[in-house]
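> Residues per chain, in single letters:
Number of protein chains: 2
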Amino acid sequence: MIAVLCGGVGAAKFLDGALRAFDGEEVVGIANVADDEVMHGLHISPDIDTILYTLSGQVNGETGWGLAGESWRVMERLESLGGQTWFRLGDLDLATHLYRSARLGQGANLTAVTAELAAKYGLRIRLLPVTNGELRTIVTIRDDTGDTRDVSFQEYFVKMRHQPRVEAVSYRAGREAAPTPEVLEALHSARAIVIAPSNPVLSIAPILAIGEIAETVSKRRDDVVAVTPIVQGRAIKGPADRVLDSLGFESSALGVARFYADYAGTFILDDRDAELAGQITALGMKVRRTDTVMHDISTKTALADFVRATIEEA
Amino acid sequence: MIAVLCGGVGAAKFLDGALRAFDGEEVVGIANVADDEVMHGLHISPDIDTILYTLSGQVNGETGWGLAGESWRVMERLESLGGQTWFRLGDLDLATHLYRSARLGQGANLTAVTAELAAKYGLRIRLLPVTNGELRTIVTIRDDTGDTRDVSFQEYFVKMRHQPRVEAVSYRAGREAAPTPEVLEALHSARAIVIAPSNPVLSIAPILAIGEIAETVSKRRDDVVAVTPIVQGRAIKGPADRVLDSLGFESSALGVARFYADYAGTFILDDRDAELAGQITALGMKVRRTDTVMHDISTKTALADFVRATIEEA
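Line by line, the protein sequences give chains D and X.
Under the working numbering, the residues of the first sequence are numbered 1 to 314, in order.
Under the working numbering, the residues of the second sequence are numbered 1 to 314, in order.
Derived from the structure by calculation, the hints contain no laboratory data.
A hint or two may mislead.
The list cannot tell twin chains apart, which means a pair is met if one copy fits it or any two copies do.
Stated by the list, open to error - Calculated cross-link-like contacts (lysine to any residue; reagent style SDA-like; alpha-carbon spacing at most 25 angstroms):
(1) 237 / 297
(2) 286 / 261
(3) 159 / 60
(4) 120 / 79
Working from the sequences, and respecting the hints, build out all of it.
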């Protein structure tokens, strides 16, 4: 069994390849929930949903999130009522949120509800939220007037289209934001732990903000393989480069490697960044190079195959 | 100004006529919220919504509730996910619930949110929920096995299609289920109070289950006009006849009049029930007769005109 620490789009693509590359072996996705948000009374888990939609083959291929064939009747109406529509929830997508919110309201925990949804979406991996408690990413931005203020990840990312300058990112873990027993068990018993090519600050760091997870992953550092989400200084998707930059990290694969140095013994670097290999090795990480950019199912599978080979060579 | 105690469909039709009959005079609808339900995390106020949709001319004319031109994309998808779909929420209707739930989540009270929705739907009456607190109708049914159990009004009415035998109806008023200041002010200052042709047990009784409302309405008994929802022993819409019957009330206009005798000085009886006039008069109520069945805008307006004339003759 391998465990994969996951954000949204990048992780979902990686898992899609891993399903094929690790054929016959169980893959457990451990998903970030720090970007979850309750909107209109509905519990939305964007990273989990992106994984559900991608692995069921129903994702909107153009955006990498949301559902193909989506319609917007509810949002259009809500707009006409003057409601908040900056977070666009498609009609089909809404059904997922209604399902989740109803089950949580009945007292089911997020792990159970995610398993139910994974079954309904026909997923062949096991998908676990990192915690059933409250874990939130808080983004401190500087606005036009020069003032700083705290916003949720979705406000920063969607409402503000990740334009404001990020002054700080912090994680609020509620008292009950313990890792679930399922997650701890997976991290202990996995043959290897993969850090998916997700945003280090916004997707992976909140998972590692849970003390017991950070401890468990760092103890298993020799079995941990991190895949870079940054190629030639740029995020493949999203604002990882700018966020890293504004936090004083170098927005490069080297910056990411520094971020992960305590957790991952092996770093998978893109061929285009070969010149950084030496500096990353100097951090005490083994470096393996390949093409990390996933365009389609064959490049997804090739990357996951490379990760499998890296794990096996250890 | 006149105040109207309201349930759903019958009240909405009456208000539609009252808008025309009481032209130039303010009409305040005081709506039952004891059938409200939180489903999938969304706060649903069926009686308020029926009034919003009817008075804005957007109601589904065939059912008397829900929206014309409704679609069911979210529900169909939720069904495919194995979610609870016995309470069918249309796509357009859902936008109302998202709006309400979002605003309540932001700390607005139901009175404020209802005013916002009424403005968006272009209502020309003032629509007030009877309370911002929790008020719920509990229906005790006897099921197939002979056991009794408590269900919410929507479970009884929608999920069980009002088929089970009703053993009892009770009202659970939370500690904060006080009438709003707006409602008390309306009941005190109205020229007359009309009890709309709604289900006495399921729509009007919960409103009167709030002590301060019952007290205020009974003190103003001489100014209160109740319109029968029962004609020739049958409810015009819904299960009022069976519910009255199973609670040991006579399912007739006389049964309704007995129910209202402490609150209403005047009872509007349908012409088809003329033979009951003597017995209702014996309850100490003035009886006025007319055609109470509302088919269309002209019969709605005629009934409201008759109510206005009745008020003015007092």
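> Does each hint hold? Answer for all of them.
Each hint tested on the structure:
no., hint, verdict
1, 237 / 297, "within (17 angstroms within a copy, 57 angstroms between copies)"
2, 286 / 261, "within (10 angstroms within a copy, 87 angstroms between copies)"
3, 159 / 60, "within (20 angstroms within a copy, 35 angstroms between copies)"
4, 120 / 79, "between (30 angstroms within a copy, 11 angstroms between copies)"
Comparing the model with each numbered hint stated earlier shows that all of them hold.
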